[in-house]
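Engineer: Using the sequences and the accompanying hints, generate a full structural model.
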Amino acid sequence: MFRLDELVERLGGELLGDPATAVRRVATLEQAGEGDLAFLANPKYQSRLAACGASAVILAPAARDLTVLPRIVTADPYIYFARVAQLFNPPEAFVPGVHPAASVASPIPASVTVAAGASIDVDVELGERVVIGPGCRIGRGARIGAGSRLNANVTIYHDCVVGRDCIVHAGAVIGADGFGFARERDGSWVKIPQVGRVVIGDDVEIGANTTIDRGALDDTVIGDGVKLDNQIQIGHNVKIGERTAIAGCVGIAGSTTIGARCMIGGQAGIIGHLEIVDDVVVSAGTLVTKSIRRRGVYTANLPVQGHAEWVKNFAHLRHLDALVDRIRALEERKERKAR
Amino acid sequence: MFRLDELVERLGGELLGDPATAVRRVATLEQAGEGDLAFLANPKYQSRLAACGASAVILAPAARDLTVLPRIVTADPYIYFARVAQLFNPPEAFVPGVHPAASVASPIPASVTVAAGASIDVDVELGERVVIGPGCRIGRGARIGAGSRLNANVTIYHDCVVGRDCIVHAGAVIGADGFGFARERDGSWVKIPQVGRVVIGDDVEIGANTTIDRGALDDTVIGDGVKLDNQIQIGHNVKIGERTAIAGCVGIAGSTTIGARCMIGGQAGIIGHLEIVDDVVVSAGTLVTKSIRRRGVYTANLPVQGHAEWVKNFAHLRHLDALVDRIRALEERKERKAR
Amino acid sequence: MFRLDELVERLGGELLGDPATAVRRVATLEQAGEGDLAFLANPKYQSRLAACGASAVILAPAARDLTVLPRIVTADPYIYFARVAQLFNPPEAFVPGVHPAASVASPIPASVTVAAGASIDVDVELGERVVIGPGCRIGRGARIGAGSRLNANVTIYHDCVVGRDCIVHAGAVIGADGFGFARERDGSWVKIPQVGRVVIGDDVEIGANTTIDRGALDDTVIGDGVKLDNQIQIGHNVKIGERTAIAGCVGIAGSTTIGARCMIGGQAGIIGHLEIVDDVVVSAGTLVTKSIRRRGVYTANLPVQGHAEWVKNFAHLRHLDALVDRIRALEERKERKAR
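These protein sequences, in sequence, are chains R, E and D.
So that you can map any letter, position 73 of the first sequence is 163 in our numbering, and since no number is skipped, the others follow by simple counting.
So that you can map any letter, position 180 of the second sequence is 270 in our numbering, and since no number is skipped, the others follow by simple counting.
So that you can map any letter, position 12 of the third sequence is 102 in our numbering, and since no number is skipped, the others follow by simple counting.
The hints are simulated quantities; they were obtained by calculation from the structure and are not laboratory data.
Hints may be right or wrong, so weigh each one.
Stated by the list, open to error - To spell it out: a stretch of chain R is covered by chain D in this simulated footprint if at least three of its residues, at any positions, have a beta carbon under 8 Å from a beta carbon of chain D; those stretches are:
{"hint": "1", "stretch": "235-247"}
{"hint": "2", "stretch": "259-267"}
Claimed, not checked - Here are the simulated lysine-lysine pairs, DSS-like style, with alpha carbons at most 27 Å apart:
{"hint": "3", "chain 1": "R", "residue 1": "Lys134", "chain 2": "E", "residue 2": "Lys380"}
{"hint": "4", "chain 1": "R", "residue 1": "Lys134", "chain 2": "E", "residue 2": "Lys281"}
{"hint": "5", "chain 1": "R", "residue 1": "Lys380", "chain 2": "D", "residue 2": "Lys402"}
{"hint": "6", "chain 1": "D", "residue 1": "Lys402", "chain 2": "R", "residue 2": "Lys281"}
{"hint": "7", "chain 1": "R", "residue 1": "Lys329", "chain 2": "R", "residue 2": "Lys380"}
{"hint": "8", "chain 1": "E", "residue 1": "Lys427", "chain 2": "D", "residue 2": "Lys427"}
For glycine and all other residues, C-beta sits at the position ideal for the given N, C-alpha and C.
Structural biologist: Written out as structure tokens, the structure is:
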């Protein structure tokens, strides 16, 4: 429970209305009730302010007079909401110590928590206050920075590095072998040992069941502040720049480099050995098959249609080249006539 | 081993031929032999009846006279087959009790099975006959309804709810944080605490390595009778209506609502904040980028071509707008001439 | 550390330059330094030879005189590189034995390694030198051939078979139920028991978090020498021929058969009940919706564009059929005039 004046003291913003108004959680404009602090981040929802039952509201300067509720005015209400939500919902406090059903083969700081069923191999270095969830496996020689938290059943392969204050969700696999094989003439495959590591920066979040492969010769590198959603696959020797965010189910093939502050939409794919510069946005479902040299938004996906319409329209895609020939033929006749 | 008259007594249907015919498993028309009960569900396979070596056959009224084999006539042979297969293959019977290598921090019913390496946190409620597979992690305050079975290495995060008679396959992760961040001007991300839950109804099946994120403020909700295949990603605050079935590798982004009895094909994607009504079918590989307001089948995927043809045809997609301009120009000249 | 003459003695090839040259690891042309053995596999990189700091180089006969460095000349430098890399980086040597925090309910050979937190059910058969990583779950009646290695948190369901010398990466799930349900008139689903197995050949590699479902009635079969990357989903009753390689995030729906020596690009999808012959290459991101009867390369994906261009061009896809009608109308007028 915070009073509005306490919030403004900690997080800034201009306070209008009763400073003693108490709020105990954040909520959407629609669902907020007594004791809730709502927020208006997107002007298109401002009509919802009228009926809002919140005790107070966070809003932008342009919206300051749209309600008589106690309110906090701030340049970016969504960021403010995020910070208030963090105040109301601090990260879980873990009791330090090693669960008796964990297996730990390296010396670790007393501030570390290791849950039931976790196993930590030899030569592992864990920073202060690291949390290793139940069933996690930390391979030989791996390093995890202070304050990082691994949820359940996370696997960190040998020698991989995770920075400080990272969050890794359940089932993620960091450092499995990259998909590297040389092909014999008869089609059989000779495995290329994958001797690079995965090196992950600070303040990175990695979603559930996401996989990041170790490098073949050099390392796979994930920059500081990168946010990865669930079920992402990152191939060997990929490099991802700082603060890039990648939505669920994206696949990035080997040796591709992605710049800083990119945003990659869900189910997008990026083939191998490409370069994508900083500040690129790739739309959901888009397969990137060429390097992207200029910042901007890039898209390649199809409009959904009713199935019958789709059958009619898309049959022509097989014959687009012939269609263009027919147009050219029509144009040429015109040309001849014009002459 | 069942006699045909025993099957008909339990499951209904009309019996033709020797009621004492004994069958001990179900099989396809092609592979069935002595002691097998085959089924003809799809009329296009009826030519296979002639050579079928089964001891008996399940078929529809229209096909009743297509064989002289002992047979069960029923309106829906595929449903009948499913029910016979369930009789022949009852779910594994687990011995109740907690394995000595499990860690259980909540009181649980005596009828529950907890396998080796599983860990159950405090304040967890498990219904009667729940089975917790090896290596599963049940977070603080989670609830799992009677008769539900979790296979190996499943993670249920804190406070999530799984209904009765659910099946969750290995590696599934229920309740990891949704992908919610507010973006600062400098491109850095402020985490929005994900304080909602995942609430899963009764009779739901969840495939291997599927992930369902907890809600940001409200809950993510999966309705009764929903069937989810493997490697599906469901974002925060998604709602899925009763009996909807979703095939493998589908991604559904945050805050999207899907109606009841929908069928979503493999690798389809649905972007966030959409509404899809009841009884919608989405074809495999289709990315849905707009709400769907009417029941029906919706599709957006490409015809596969030999690579050389594809190169020829698809190059034109970049210039479709110019192509349309050329057609328009041709039409306008015609217009002018006609005048 | 190997001398070049030792390498040539073991692996063949023609040695030019000082046979006593010692190398201790492999590296790319760009990054190689003192003590490194670099390789030139792709002629387009041959300009990098000049500045290469390696102690020696592997190259093809055509490139034999492009450097004065000590070198090994061989028909396929990439295969040679792979084999040298294997010499320099032999697989980890595991100490045989069962970790005290593992649960083993079957008799196993003394040469087997079972790590912490692993659990092995009854009636399991493990070959010599099998390695079961931490947190793996081997179901009742499963069999794993000699020399196969499972990384952490792998789940093998009951009765499944893994061949010899396989590598299975963390989080893979072998043998979960296929997605098999019969649909009642009211839209509810009746589960069809999945009683087939997964049968995996020898020398197969399976990537992290990849899932392979057990067969419904018959088995799902993965041939010898198949290589599967991460996050692949393989449905029930799929058959994959020998030495086929499949990149990350591919989904293959039930009952599809894929030939030998195929290569399937990342994020490709193949719908169910298809047949794909030997030696087929499917490009990344391609959804295969028909059987492929002839070897060759097959593609269906879209060119990426800047978002504004894409909006302009792709709007027309909804109207392609009408566009073709307009072209036809133009052609018909021409025809009439010509007559």
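Engineer: Among the hints numbered above, which are violated by the structure, and what are their numbers in rising order?
Structural biologist: 6
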